[in-house]
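Modelling step: build the complete structure from the supplied sequences, incorporating the hints.
Take -19 as the starting number for the sequence shown in the working numbering and just add one per residue.
No wet-lab data here; the hints were simulated from the structure.
Fair warning: there could be bad hints in the mix.
[What the hints assert, rightly or not] Here are the simulated DSSO-like cross-link-like pairs (lysine-lysine), alpha carbons at most 30 Å apart as the crow flies:
| id | residue 1 | residue 2 |
| --- | --- | --- |
| 1 | K(-15) | K295 |
| 2 | K260 | K220 |
| 3 | K286 | K(-15) |
| 4 | K6 | K(-17) |
| 5 | K220 | K163 |
| 6 | K6 | K295 |
| 7 | K220 | K271 |
| 8 | K286 | K6 |
| 9 | K415 | K295 |
| 10 | K260 | K271 |
Quick caveat, the model's predicted, so the values are computed rather than measured.
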Amino acid sequence: MSKSKEIRQRILELVQEYYEAEYAEKSFIPGETAVPVSGRSFDGDEMVHLVDASLDFWLTTGRFAQQFEHDFARYVGVRHAMLCNSGSSANLLALSALTSPTLGERRLQPGDEVVTVAAGFPTTVNPIVQNRLTPVFLDVAIPSYNMALTHLEEAITPRTKAIIVAHTLGNPFELDAVMEVAKRHNLWFIEDNCDALGSTYHGRLTGTFGHLATISFYPAHHITMGEGGCVLTRSSRLKKLVESFRDWGRDCWCVPGEANTCGTRFEWQLGRLPYGYDHKYIYSHVGYNLKLTDMQAAVGLAQLQKLPDFIETRKRNWRHLRAGLAPFEEFLILPEATPGSDPSWFGFLLTVRPEAPFSRHELINYLETNRVATRLLFSGNITRQPAYQDVPYRVVGDLTNTDMVMNQTFWIGVYPSLTPQMLDYAIEVFCRFFKQFG
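The structure is reproduced here in structure tokens:
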């Protein structure tokens, strides 16, 4: 073994020792230790992978990213997985790819309509606006918190070209019904799967139904790279478009560090460029630079090995909370899985009943004061957010439940690092609060 390899091996062994010394499990102290909604779940493997990749000093996408894309596509069961720097960027890439002139009559063009919901995370909607398309908002159903299908057919007009919907906090929406409408009207269908990695619908993983699907690897999500995201597709044509928009809009498909993969690098003529212009610098789309680093992908490879256990722990934690909070249904609407689904839960959603003798504000303040963290369902009703007051959009039906989500709904955590002791404490805090009201 060379001296450099020996040193590298010693470094990685020390990293493992460092993890064991620095991140030793700490005792849970009720009322003092926080019960977070989400966070990193990791061990020394992730730190070793991170340092191993950093010692390569290959600072952009490289061998670890290529390995992750291969392994992740195989895990999900699609042909192609394209890494990027966030789940939000994944949504931007998925929708932007559909604006490519190479798609002919099926390309999305300014003014075209995209159906979605108003209750959710803003970066499901933002790419619609950023591509000068028009969002068409539908209400959600409670207690699934997914798209209500009552007005879906009514929402379709000759201008409608796509549907993009998220599986809310891991709970799959009714994919068969949405897919049937998309297929019948020849619409593009994008699954925002950022909060639902590992969820299934009728035995099939979410993220495999749409023309495109997106994943997030932010620390709150099912696995993390720190930052990071991914676009999934079965289509080689869409894969090339996503990669083009991700990589500056270039026409070339060479991976970083390679050149002349096509064998005709100086024999192209596109646009109004002269013949022989270097293909590495020909741009067929107005793109971005949304790649991630190899160090992040290395962390993701270690996390991917833990994903099955993470998913089972999330499900177990969700069931623990569901059983513990069941006695309080006079005050709370408890979440329910979509029929035919097996969610890989991202969080535990709760809606304070309108007739309850207290407000959501009072309840979450009590929880937070007692170190049980809470979150709202992201933007609530996005049409009421300040950033969207001048955005053109349509609403089909009404947004009654969306407004209820905005006013009455919140969620608590189920992520893998939450212990049964933490969950029992959270339930106890709810119980103490409700005792004030008989």
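- Below or equal to 30 Å on CA atoms is what counts here, so check K6 against K295. holds, 24 Å
- Given pair status - K295, K415, alpha carbons within 30 Å: Holds, because 28 Å separates the two Cα atoms, which is no more than 30 Å.
- Is the Cα-Cα distance between K6 and K(-17) 30 Å or less? Distance ~38 Å between K6 and K(-17) Cα, so the pair is violated.
- CA of K220 to CA of K163, is that 30 Å or under? holds, 23 Å
- Query: Does K271 lie within 30 Å of K220 when you go C-alpha to C-alpha?
  - Reply: Distance of about 14 Å is within 30 Å: holds.
- Could you grab the alpha-carbon distance between K260 and K271 and see if it respects the 30 Å cut-off? holds, 17 Å
- Task: Decide if the proposed pair is consistent with the structure: K286 and K(-15), CA atoms, cutoff 30 Å inclusive.
- Result: The hint holds at about 27 Å.
- Message: Does K220 sit within 30 Å of K260, going by the straight-line distance between their CA atoms?
- Response: holds, 15 Å
- Would you mind confirming whether the straight-line C-alpha gap from K286 to K6 stays at or under 30 Å? The given pair, whose Cα atoms are some 21 Å apart, holds under the 30 Å limit.
- Message: Check the hint pairing K(-15) with K295 against an upper bound of 30 Å on the C-alpha distance.
- Response: violated, 42 Å
The structure fails to meet hints 1, 4 from the earlier list, while all remaining hints are met.
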